[in-house]
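Participant: For reference, the chains in residue letters:
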Amino acid sequence: MSSLLAFEEVALARGGRMLFERLTFALGPGQAVHVAGPNGSGKSSLIRLAAGLLEAARGRVERTAEAALADDHLALDRELPLGKALALWARSDVGHALEAAGIAPLAPVPVRLLSSGQRKRATLARVYAANASLWLLDEPLNTLDEAGVAALGVAMARHRAGGGAILAASHAALPGEWTRVELGQ
Amino acid sequence: MIGALIARDLRRGFSGSAWLPLAFFILVAALVPFAIGPDAQLLGRIGPGTMWIAALTAALMPIERLVEPDRADGVLDQLALRGISEEAVALAKILAHWLSFGPLLMLAAVPAAALLNLEATMLVRLELSLAVGTPGLAALSVAIAALVAGLPRAGALAGLLLFPLAVPLLIFATAFLAEGGRLIGLEAAASLLLFALSPLVTGAAIRASRT
Numbered sequence: 003m004s005s006l007l008a009f010e011e012v013a014l015a016r017g018g019r020m021l022f023e024r025l026t027f028a029l030g031p032g033q034a035v036h037v038a039g040p041n042g043s044g045k046s047s048l049i050r051l052a053a054g055l056l057e058a059a060r061g062r063v064e065r066t067a068e069a070a071l072a073d074d075h076l077a078l079d080r081e082l083p084l085g086k087a088l089a090l091w092a093r094s095d096v097g098h099a100l101e102a103a104g105i106a107p108l109a110p111v112p113v114r115l116l117s118s119g120q121r122k123r124a125t126l127a128r129v130y131a132a133n134a135s136l137w138l139l140d141e142p143l144n145t146l147d148e149a150g151v152a153a154l155g156v157a158m159a160r161h162r163a164g165g166g167a168i169l170a171a172s173h174a175a176l177p178g179e180w181t182r183v184e185l186g187q
Numbered sequence: 341m342i343g344a345l346i347a348r349d350l351r352r353g354f355s356g357s358a359w360l361p362l363a364f365f366i367l368v369a370a371l372v373p374f375a376i377g378p379d380a381q382l383l384g385r386i387g388p389g390t391m392w393i394a395a396l397t398a399a400l401m402p403i404e405r406l407v408e409p410d411r412a413d414g415v416l417d418q419l420a421l422r423g424i425s426e427e428a429v430a431l432a433k434i435l436a437h438w439l440s441f442g443p444l445l446m447l448a449a450v451p452a453a454a455l456l457n458l459e460a461t462m463l464v465r466l467e468l469s470l471a472v473g474t475p476g477l478a479a480l481s482v483a484i485a486a487l488v489a490g491l492p493r494a495g496a497l498a499g500l501l502l503f504p505l506a507v508p509l510l511i512f513a514t515a516f517l518a519e520g521g522r523l524i525g526l527e528a529a530a531s532l533l534l535f536a537l538s539p540l541v542t543g544a545a546i547r548a549s550r551t
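For the record, the sequence lines run as chains A and B.
With positions in the first sequence counted from 1, the corresponding number in the working numbering is that position plus 2.
With positions in the second sequence counted from 1, the corresponding number in the working numbering is that position plus 340.
Simulated from the structure, these hints should not be mistaken for laboratory data.
Be careful, since some hints might not be right.
[Claimed, not checked] FRET-style restraints, in silico, Cβ to Cβ: (1) 547/B <-> 62/A: 17 to 23 Å; (2) 59/A <-> 522/B: 29 to 35 Å; (3) 386/B <-> 68/A: 56 to 62 Å; (4) 544/B <-> 19/A: 44 to 50 Å; (5) 344/B <-> 54/A: 18 to 24 Å; (6) 11/A <-> 540/B: 29 to 35 Å; (7) 11/A <-> 544/B: 40 to 46 Å; (8) 522/B <-> 19/A: 45 to 51 Å; (9) 68/A <-> 412/B: 40 to 46 Å; (10) 532/B <-> 27/A: 26 to 32 Å; (11) 133/A <-> 356/B: 20 to 26 Å.
[Claimed, not checked] Where chain A lies over chain B, by a calculated footprint (3+ residues, C-beta under 8 Å): (12) 367-375; (13) 480-492.
Beta carbons: idealized from backbone N, C-alpha and C, even for Gly.
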């Protein structure tokens, strides 16, 4: 089975400190990896490494699939209505993505007026609409309420059933079945 | 995607403060006669040069909103994930920035020339020098915006960086204003050099800001 994302003996240094080394794992279609570990153990950096935004100190990061990233940056124009702001990044129907995130009624609301939980859902909607087979989620549960977590669980299950893969960093348990990668041990 | 990016930057430029540099440019033209007196001959000699100083400052005005908001909000990261090179992003930003101030300055030069009592030939030269020089100015502004993005007091630092680097362009532009003719070629060369180097510098600066 070909993998969408593979880490091979990867080491990452930030600010002169080795965060992790000899990290090896692969992510194939339908699979999901949960990166866990205490604060500062390099979870977010690992996500950015997978996104190609950081370079590994050693080892190889190989990504063969298009990736969509949700971190704590919204990357949506604040002055635009949510639906229009998402359209810049969308490769599939924005309405479906908004529905999957449970914020369909917010489409005409300017992004700057969204609450922090709504912004998190909007970030996830941006990922859903990107039509990428690999999702990179950095702390996807932060600021989500129970309904938001449930909606995310449904969306992730559907994505995996459709042959997609997920790499998620979270200090809390994620809904669904995950392969765990522990950092900071 | 690049087209969408240019359209987006243009929309943000015009919904924000695109009219500010224009007003500033005309304001300088209106102030110069007060500062150096109503001597028409003196104004005719000094006026065109002051217009170029006003153009430099006008290009600098929006510099803090060119790159920093997109860096802070993760837009640059998302573009990288889409496989768009930082250099292409830079080029889109240069085009959008130029479109949001270059043509407007050329338009503003007409009332400004009237305020300074410039002759028609001098107005034509001023327009030509702006048309040739402002793309270089836009390119320089974007490169410097990327270099100072995320730094404290970025605006002041940007000014300190921009003015010295714009000196060659300023020299050739004002030389053309004074003597006309082929000197526009030298201004074009200075402008082209800035335009060619800017995407490379901007791209490197955006990548460096991630580490």
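Participant: Tell me, which hint numbers fail for this structure?
Facilitator: Of the numbered hints given earlier, those the structure breaks are 2, 4, 7, 8, 9, 10, 11, 12 and 13, listed in rising order.
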